[in-house]
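Heads up: the protein sequence lines correspond to chains W and U, in order. Reading the first sequence from the start, the letters are residues 1 to 394 in our numbering. Reading the second sequence from the start, the letters are residues 1001 to 1449 in our numbering.
Check each hint, because a few of them may be wrong.
FRET-style restraints, in silico, Cβ to Cβ [claimed, not checked]:
| id | chain 1 | residue 1 | chain 2 | residue 2 | range |
| --- | --- | --- | --- | --- | --- |
| 1 | U | K1086 | W | P13 | 52 to 62 Å |
| 2 | W | K386 | U | L1006 | 19 to 29 Å |
| 3 | U | T1024 | W | P13 | 42 to 52 Å |
| 4 | U | T1199 | W | F34 | 47 to 57 Å |
I should point out that these hints are in silico values taken from the structure, not numbers from a laboratory. Yeah, the Cβ is synthetic: ideal placement off N, Cα and C, and Gly gets one too.
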Amino acid sequence: MKALRQYLDKIKPQFQKGGKLEKFHSTFDAFETFLFVPDTVTSRGSHIRDGMDLKRTMVTVIIALLPALLFGMWNVGYHHYLMTGTESTLLQNFWFGFLKVLPLIVVSYGVGLGIEFIFAQIKGHEVNEGFLVSGMLIPMVMPVDAPLWMVAVSTAFAVVFGKEVFGGTGMNIFNPALLARAFMFFAYPAQITGDKIWVAGMTKAQTVADGFSGATPLSYAAQDHVAKITEQWSMTDLFFGFLPGSIGETSKFAILIGAAYLIITGIGSWRIMLSTVLGGISMALIFNAVGLNDYMKISPLQHLLMGGFMFGAIFMATDPVSASQTNRGKWIYGFLVGMFGIMIRVFNPAYPEGMMLAILLMNAFAPLIDHYVVQANISKRLKRVKSIVVTQAK
Amino acid sequence: MAETILIKNGLDIQLAGEAGKTLTEYKPALFAIKPTDFQGVFPRLIVKEGDLVKAGSPLFYNKFNDRIQFTSPVSGTVKEVRRGEKRVLLEVIIESDGKFESESFSPGDPLKLSREEIVQNLLKSGAWAGIRQRPYTIVADPGIKPKAVFVSAFDTHPLAPDYDFILKGSEKAFQTGLDALSRLTDGKVHLSVHAAKTTSEAFLKAKNVSLHYFSGPHPSGNIGTQIAHIDPINKGEYVFVLRPQEVVTIGRLFLEGVYNPERILALTGSEVSNPVYVKTLQGANIGDLIRKNVTNKAVRIISGNVLTGNTLDQNGFAGFYEAQITVIPEGKYHEFLGWVTPGLNKLSVSRTFFSWLMPGKKYQLDTNMHGGHRAHVMTGVFENYFGWNILPMQLIKACQTEDIDMMENLGIYEVDEEDFALCEFVDTSKTEIQTIIRNGINLIQKEMS
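Isolated chain U (complex conformation) (with noise of 0.2 Å):
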């Protein structure tokens, strides 16, 4: 029985509009596939406007690794071809056809089968893009065989999904999942639960894993915390990670021989009336659901959680990756004097708003930045918010200078940017700190690529 890691740096962020504990059905008309969503991906188009496609059939692939491809979430016809700027492709739009049919794929007990085998089914489905790999935390190679593969059963981000509530009835299904994977590593399949609040026995009771305790503050649930405390990444070496819906879609193909990524979706937030779980696919579009459950007209619609997600628009579509919807208010206006105010709607982790003495307070906070941005002032601020001992400061300021020499010795391959949003949050400077992180892995990347 493995102790109990104990995250000390950290906060929980308190927001209104927890999600709860009821499921509804939710099957609009429209999906897509984004190829935004996926870290140095070049999208090659497979398909075009009009094609007839299952779920599971590609729509496009990876230039740079034409083993990835990346399929349909249902079957119906390729509703649009959405381009932006200098033609890059933002979405792959599918119209369901409301039967939800997929491709055939061979069904098997991993446990039997051999690694290539796994592999070629998990990249035929489509199915693999849902491993990641870090360092970088891009869809993972399929030729590179990690040192281990790291799964989070919990989210500990601002009114994160409760994984327990969204794997009931999918046991069966995560277990092989975990199966499937532990097949691709030489290593060990890490399954991370909190010590106090898991309780499904998918995520306790799992074979073929090692399972890991943790307990304390957000990022408590970040994998990347999880990572450094369990078997930190070093120069040259992969993990892949994967959240647990990613998981069960794995074990879906092998048990049915189906794709299938049903996912269900927590909708979150001050601004939505009836905050609850929502049973749909990957991809789905959104639009019905705002419309039916938020009256303000000015808000912010995230897919995710408001420290890492990507803002949507009315009628825009669930992340790949995503497993929550956050609406909260837009915050553009000015505030007389704001900086001097008592402030008690506000949420500082420095005591100088009288919020800090109402402990129990959900907060309804919305988009505005609260100051304008400024050179770094402040220290020793950061390493109280981050999950391992990794010097904040310094690694953002080699990355702001491209010092890739010090990045790497200050642990760029161990971090991701969620890991510093966070810092990003409580920054007095308002420096954009997850581009800052985000460009630096990128660099290093391609230099050493």
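Okay, chain W solo, but in the shape it has when bound (with noise of 0.2 Å):
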């Protein structure tokens, strides 16, 4: 450490103002704080800070979607043996899905950090942090077959005009991730919806097992064949993810644990978590409640290990620079999120999966609810004034 400590310390100079590579600044400033915590010392203001810092931050939602992560690299290789109708070990499995799901992960971080040290060079800051987590989430949104050149575009959108248009991490409006999912099933719709699509090589295969289905529970219901979801899985089934779908939103099991180490370590907003959870139940059991159709009827807990409504609840509801910032205000934006993913669900057919443009949609909507929340605050301290000025008066 001492050795590369000392190289680092060598070329530095030729980095820093009046060097030969002084445009590749903020590129250096990454790799070194990469490598090494920067020996800045305290110099106003608290002379102690928290241990904590934003890499830490990112490394820790990492850890939190690896479990996702790696039972969704197994679900591909499973569900692409069972199409095939050949026998396969876990080990088989995982390492087929690892294969196909590596060059998305590739791909997203490749183009994203790229985009990013560019833009972080052109306004002379440093590269920051936020990427290191949407840049694994896009590719657990993906289906599994997307073609590499269309992540690169989404991401590529979703890095310039979902965050560096409004200066960089900690200003976007909306989640990135989410941006290169919507921006996928706009511009190439073909690519991202039908039943062919979440079994990887599904759309190019010749034959296929009998009686094999490439469908999810959520294109099942969307073509209204909603007793078919009972039919090829049960609950547990569905709970620890052997079904077709993005590659980190089948496992609930596995989000849970991600979950939980994000609310352990302080992380995640388990006020989001929660209230997004409730306001799913609620829209689900009001559906019940009119059953007008068999979609209406579907049970709350059957819409939770549907689709990517964990998945979206834990890891993209809750970024914190997208979300409401204040803690009520988190409970309704959280609350909203939950019955607008499922009230797109059951309304909607042409969108089968609601949570993304629910989280979209609140997105835009966080400031607006923060703002009545900072009123609150606002109201009673004027309230306080007004009922001295009464009682002096008096």
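Dock the two chains into a complex; use the hints.
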């Protein structure tokens, strides 16, 4: 480590003002601070600081995502071999999935971080760590066979129009990973809809094993074949994730492990997670009461276990920058995300997954919710003054 | 008997180096009054180098309010008037003659004197400087009548001194001081104690005060927190705030007719070999204390506590309002992949370091920032470390954008930067929050004057 540190100290002057490579200052900083925590000491204000920084926050979220990612990789292989009708071991499933998912991750990080580095250099800032998480989230919400160039374009759109034009990390209105997904959804609809896209290799397959359908529970529901959901999968299947879907969303069990880690470490907002689930349950119950068609009769528990609801509730809605920032606001925001997520699913078969749109919609309204919470705090303070004026007048 | 006010949000930072309950005398040769200790004071020198002074002799006065003057803590000669860049007055240094004589002031029972006589006495002796006002946390304006006076009998900052111990022997002076303060306002003198920890009868049996019991972690000892829970400040209202030793100085003035700014300082911190309490006077030079007690050369010497104190150099002088000196190691080092290590020696309120599994641990923290400055990202964190129902993040942003209306609405009149010190400590984005808040307060003060 000493040798590494000495080497960095030796080449550092070249990247600073007046050096030959001054243009690549931000890039050098990014790599240097990746390897070594800076030796800055406190100069104003508090003399000691918490050991936590944004890099560690992002790493914590990535650790929380790992169970869902690893299961997703295995699941990709599992369903692929189910489709081809071949026998496969656990390791074979995982290896197949790993090879399929790795390129998506590489493209997502490569394109995203590349653009971030360029922007940071142009603006003269340090590279911010925000994309460390978004870069992992993007592959997890894509279908596994998504063409790499489409993933690249979607990521570029999300980073440029979702983050950089607003001022970078901490300034964005919308969740960047969801913007990538939404871009993919609206720009390349053929690749993102249908029954075949969720199982690796199915769109190109010549033959498919008898009785195999690559449909997800949501596609069945959208096609008005609600009964088929319970025929094909038990609740345990849905909970542990033995069904097709995007890479991260299938195993609610793995997602909950991640959620527990986020809550224990204090990084993830339990308020948003809980209120989203409550909102979804409430909407499902309302639909149950109305009961006009089969879709409305699906139980709240089944709604939670289908599609990307849980993944969205735990990892997407909780993005601190795009969600509501006040504690009370988070309850309202999460509840509405849950409600709209279920509502869009049931009402509109053209959008089988309502969660993505519900979160993006509430991202836009989050500042408004905060505004009213702040107003409430302000009026409490003003009321105190008024009551004093009144008592003095008496 | 008032009920206990429980402060739910906050954090007690457990550091190594708590001062042991022994008292040693410490009378250095040099003392100084630093104009930089007083917010909003533009000093006009009255003395020059070589002048002879006694305790209570005026050194400089405030150009913005010339009734307020700042006096020498000891008798002796004015040794040096230290200036900084642009001739800013940094320190007025007095070389003590070892006699500790004071100018004479007329003693008297404050309960029998008029308000104006009390104010005059305080101003003339320089003891008035011990009284600060909120909002703005500046030396109190003698022309205004505050709605109340607040004294906090306990300090919850890391390694803070124990005022029960400090006040031993000064109980009568403390009560006299409280009596004097009670005459300055038409409202009450609120004395806040810790429900479990405060034991001194000087506090618990104080007269002419309204006693309040607090419990919970830091910032329960902060005057700002106490004010907010007892009688919050609204726009246009003023309160006076003091710490116990300032009250004792006032009390001595009326009891004995002398200006005697005796101070007991707690010498604390992990780098101090023998952390104890020292009995000295206000503005003492700490050079000898450091030389005898600290061997590590790469240290940060702080006048005050680690959250709100000011940096001193090896030959600095204790701050006017401070009752402790903290010495911690400097943290100027690179840590390889520090942001993924288990970090058993790091303190964090996030439970991402394994140190949270050791609840009774006393930390040896250094001054390393542990990361670079970033935009605000995490939300919902500051609310857990703020003493009352202010929206901290929103107020910080209002100060950053200099949105005066929003600052007023969100409670800028109620806060001081020390109320945000814990938020600054836990901030993942390493924002300089206390500086931002102080700039915001100064901006409001300028707008309102």
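Range hint compliance [Cβ, U:T1024 to W:P13, 42 to 52 Å]: Once the Cβ atoms are compared, 49 Å apart, the range 42 to 52 Å for W:P13 and U:T1024 holds.
C-beta pair U:T1199, W:F34: status relative to the range 47 to 57 Å that was hinted: holds (52 Å)
52 to 62 Å as the expected CB spacing between W:P13 and U:K1086, which holds or is violated: violated (32 Å)
Whether the CB-CB distance between W:K386 and U:L1006 falls inside 19 to 29 Å: holds (28 Å)
Hint compliance for this structure: hint 1 is the single one not met.
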